[in-house]
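Protein chains: 2
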Amino acid sequence: MPQILDSTAPDFETAFSALLSAKREDSPDVDAAVAEIIADVRARGDAALIELTARFDRLSLTPETLAFTPGEIDALCAEVPPEERDALEIAAERIRAYHLRQMPSDESWTDAAGATLGWRWGPVDAAGLYVPGGLASYPSSVLMNALPAKVAGVGRLAIAVPTPDGLANPLVLLAARLAGVDEIYRIGGAQAIAALAYGTKTIAPVDKITGPGNAFVAAAKRRVFGKVGIDMIAGPSEILVIADAANDPEFIALDLLSQAEHDESAQSILITTDAAFGAAVVAEVEAQLKVLDRRAIAGKSWADFGAVITVPDLETAAALSNRIAPEHLELCVADPDALADQITHAGAIFLGQYTPEAIGDYVGGPNHVLPTARSARFSSGLSVMDFLKRTTLARMTPDALRAIGPAAETLAAAEGLQAHGLSVTARLRKLNR
Amino acid sequence: MPQILDSTAPDFETAFSALLSAKREDSPDVDAAVAEIIADVRARGDAALIELTARFDRLSLTPETLAFTPGEIDALCAEVPPEERDALEIAAERIRAYHLRQMPSDESWTDAAGATLGWRWGPVDAAGLYVPGGLASYPSSVLMNALPAKVAGVGRLAIAVPTPDGLANPLVLLAARLAGVDEIYRIGGAQAIAALAYGTKTIAPVDKITGPGNAFVAAAKRRVFGKVGIDMIAGPSEILVIADAANDPEFIALDLLSQAEHDESAQSILITTDAAFGAAVVAEVEAQLKVLDRRAIAGKSWADFGAVITVPDLETAAALSNRIAPEHLELCVADPDALADQITHAGAIFLGQYTPEAIGDYVGGPNHVLPTARSARFSSGLSVMDFLKRTTLARMTPDALRAIGPAAETLAAAEGLQAHGLSVTARLRKLNR
Numbered sequence: 001m002p003q004i005l006d007s008t009a010p011d012f013e014t015a016f017s018a019l020l021s022a023k024r025e026d027s028p029d030v031d032a033a034v035a036e037i038i039a040d041v042r043a044r045g046d047a048a049l050i051e052l053t054a055r056f057d058r059l060s061l062t063p064e065t066l067a068f069t070p071g072e073i074d075a076l077c078a079e080v081p082p083e084e085r086d087a088l089e090i091a092a093e094r095i096r097a098y099h100l101r102q103m104p105s106d107e108s109w110t111d112a113a114g115a116t117l118g119w120r121w122g123p124v125d126a127a128g129l130y131v132p133g134g135l136a137s138y139p140s141s142v143l144m145n146a147l148p149a150k151v152a153g154v155g156r157l158a159i160a161v162p163t164p165d166g167l168a169n170p171l172v173l174l175a176a177r178l179a180g181v182d183e184i185y186r187i188g189g190a191q192a193i194a195a196l197a198y199g200t201k202t203i204a205p206v207d208k209i210t211g212p213g214n215a216f217v218a219a220a221k222r223r224v225f226g227k228v229g230i231d232m233i234a235g236p237s238e239i240l241v242i243a244d245a246a247n248d249p250e251f252i253a254l255d256l257l258s259q260a261e262h263d264e265s266a267q268s269i270l271i272t273t274d275a276a277f278g279a280a281v282v283a284e285v286e287a288q289l290k291v292l293d294r295r296a297i298a299g300k301s302w303a304d305f306g307a308v309i310t311v312p313d314l315e316t317a318a319a320l321s322n323r324i325a326p327e328h329l330e331l332c333v334a335d336p337d338a339l340a341d342q343i344t345h346a347g348a349i350f351l352g353q354y355t356p357e358a359i360g361d362y363v364g365g366p367n368h369v370l371p372t373a374r375s376a377r378f379s380s381g382l383s384v385m386d387f388l389k390r391t392t393l394a395r396m397t398p399d400a401l402r403a404i405g406p407a408a409e410t411l412a413a414a415e416g417l418q419a420h421g422l423s424v425t426a427r428l429r430k431l432n433r
Numbered sequence: 001m002p003q004i005l006d007s008t009a010p011d012f013e014t015a016f017s018a019l020l021s022a023k024r025e026d027s028p029d030v031d032a033a034v035a036e037i038i039a040d041v042r043a044r045g046d047a048a049l050i051e052l053t054a055r056f057d058r059l060s061l062t063p064e065t066l067a068f069t070p071g072e073i074d075a076l077c078a079e080v081p082p083e084e085r086d087a088l089e090i091a092a093e094r095i096r097a098y099h100l101r102q103m104p105s106d107e108s109w110t111d112a113a114g115a116t117l118g119w120r121w122g123p124v125d126a127a128g129l130y131v132p133g134g135l136a137s138y139p140s141s142v143l144m145n146a147l148p149a150k151v152a153g154v155g156r157l158a159i160a161v162p163t164p165d166g167l168a169n170p171l172v173l174l175a176a177r178l179a180g181v182d183e184i185y186r187i188g189g190a191q192a193i194a195a196l197a198y199g200t201k202t203i204a205p206v207d208k209i210t211g212p213g214n215a216f217v218a219a220a221k222r223r224v225f226g227k228v229g230i231d232m233i234a235g236p237s238e239i240l241v242i243a244d245a246a247n248d249p250e251f252i253a254l255d256l257l258s259q260a261e262h263d264e265s266a267q268s269i270l271i272t273t274d275a276a277f278g279a280a281v282v283a284e285v286e287a288q289l290k291v292l293d294r295r296a297i298a299g300k301s302w303a304d305f306g307a308v309i310t311v312p313d314l315e316t317a318a319a320l321s322n323r324i325a326p327e328h329l330e331l332c333v334a335d336p337d338a339l340a341d342q343i344t345h346a347g348a349i350f351l352g353q354y355t356p357e358a359i360g361d362y363v364g365g366p367n368h369v370l371p372t373a374r375s376a377r378f379s380s381g382l383s384v385m386d387f388l389k390r391t392t393l394a395r396m397t398p399d400a401l402r403a404i405g406p407a408a409e410t411l412a413a414a415e416g417l418q419a420h421g422l423s424v425t426a427r428l429r430k431l432n433r
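Chains as they are written, first to last, in UniProt numbering: chain A, 1 to 433; chain B, 1 to 433.
Bear in mind the hints are in silico, worked out from the structure with no lab data behind them. A hint or two may mislead.
Stated by the list, open to error - Restricting the straight-line Cα-Cα distance to at most 20 angstroms, the calculated cross-link-like pairs of lysine to any residue (SDA-like) are:
(1) B:Lys-430 x A:Ala-334
(2) A:Lys-23 x B:Ala-43
(3) A:Lys-150 x A:Gly-114
(4) B:Lys-23 x A:Asp-244
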């Protein structure tokens, strides 16, 4: 059973604080093993990659078979049923269209002092995308990571996807092709992250690595950070639904379960203004849990981390939501836009009863890689910005230097940085000669 | 002596690669000590902070004296000479004006399927800014960190600045006041980062921590990342100057020295199309090194990591610059805009001979917190974006769900996520009833 809470109860704050700080994920300490793997790949390159892939994925590779050939990709893509191909194309088109709107603009202006200032955006040269193998090998995640990179203008995009026992997911290959991925390697784990970050004879290094992965992948990403850029380290998925009594309990139950079915560590929370509606949703979740394929996973997540919170009004709902800072937030109320205006922290907001979170996972358009574990307080979902960087520009005229140079001389002197000051002084001396 | 290289020499690639990969900084392994300090502050709060401050800063505090009082700040600000106050105000005004232009806009649109999509930006609730004590306690860095946060709309901004033996830098306090900082604490090191991230009885926790610091501060920032957001981990400063023969060797020498004087690990590189000009700059650096206050530091940096590279043309200069991905790049050539168009990776570009890098350190307007150690390949300088996060928004109408829902159902089925699909199916069933 999930926790059933009432925000007006005297012990609510204690229970809610415990819910907020609940540790949902074991983090096995694999850091020492990962450090060794990275050192091995840096030292021995392809040979280490091939050995580690044989050991972990039971797959025998050579430098020539590390990458899928175009022919192999063709053959796998041909296995995808037309209906799935069509769906993937719809998703790719909508995700591309959304992310195209995110492209920031360059700016340049001249101010009153005569200084020309501005900035310019440009893509990273090469990006690597990690795609987990096995059960959690999601073609939708390939689109969500690869399309922002391509929209940003990344020149070279490489995928690392482990193929345990040689088994590849055709839909992942098709997603990579639709997104314009340039290279696909049959490698996984910390060794794949090391190869992408440092390069081997066969695999050129990249500048940025994104994509989800297990504890080894996460530890490896933390370790190569600095040598390359990385995206966030994602935790287990979460959903918060704020719903009034005018909703169909079945819809809300399925939305809660669509996070719970991801992972035993996932968390699904309902906040409602109507206790009876909350009870109806709980009953509907129990009914669905009898028949869902992934009922073992979803049931454990719901029992361990699920919660239903009754509140007297939507202002209270918004205040609690802002403390949770959920990854996914559904606003199933009469005026979702008005409620959204009260939300300060959330990865993604889904407005109204016809916007289930699952739409956002696949075809809505916004990215489904979103901040978890309350990190929406300070971070954002994946976007084209993750594959761009900004260079600032400044140009002084002699008059501009005359106007603002003396202030720089004063501050340099105050900070004890004499050469800083002299670099301005020497120019002003020449100008005033 | 710096390295003198010629890009057309047969051994150039070897020497240049070595220059690129030179490790300039010892990273003492303080991680275990930092882990202990953080655990101590989490467990004992103010008591731990006070003990550690007594031990490391030789300063006896109480919970009541952890923060500067407004009266103490007034008194210190009154010590600042009027000329320095004026210079700081000019800097603050120019930095604020530049960063105001960076504020991104919210977007919302309805697409052909009838889906309303968009995003919204919002500030983090609270940010903490670390300011080093002692020699490297720079008021300019206070402005460069605090003003973007305030422009972004951060509600609460706290500074941690150690005051060894009780000594505070009045200009740092004045910079904090000019930038609108709300709280200033007399704490430093890993204990300050722990207090900002986890909070104590006296210090409320923040959501984002920025600002430079020593190895302890850097290790602590890495450790609290995830609990809060952090900015980059900055390395030693760097400058690359691309200059033709039409420059004054004194200007260029002082620009190179203005990085070298920061730190023995700093790096200053000149790329020039004229070997004789390069030699003149080297001679001028030697002459300046005889008289500079910080000649010991600057001389060691220049001897250990300085370089002068002669190239046949500016295209070669741009290509080498892009491999270096410098933090600061000066383009002292006849047409700096044309050369800038060839630059793909740089933290900040300074155009023309009247734009010394030192202008950017203080009063130019763009941020002086910039990516070091070649990380301009994948990251940007500090900006208002570091204190904002984006929430994506999506709203489906019944027609929109009819149009794109089936693709989501297909992909959910292909990924084996049944509840995801059912959350769409249940709604479509009701709509089609």
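Index of numbered hints that the structure contradicts, given in increasing order:
Numbers 3 and 4, in rising order.
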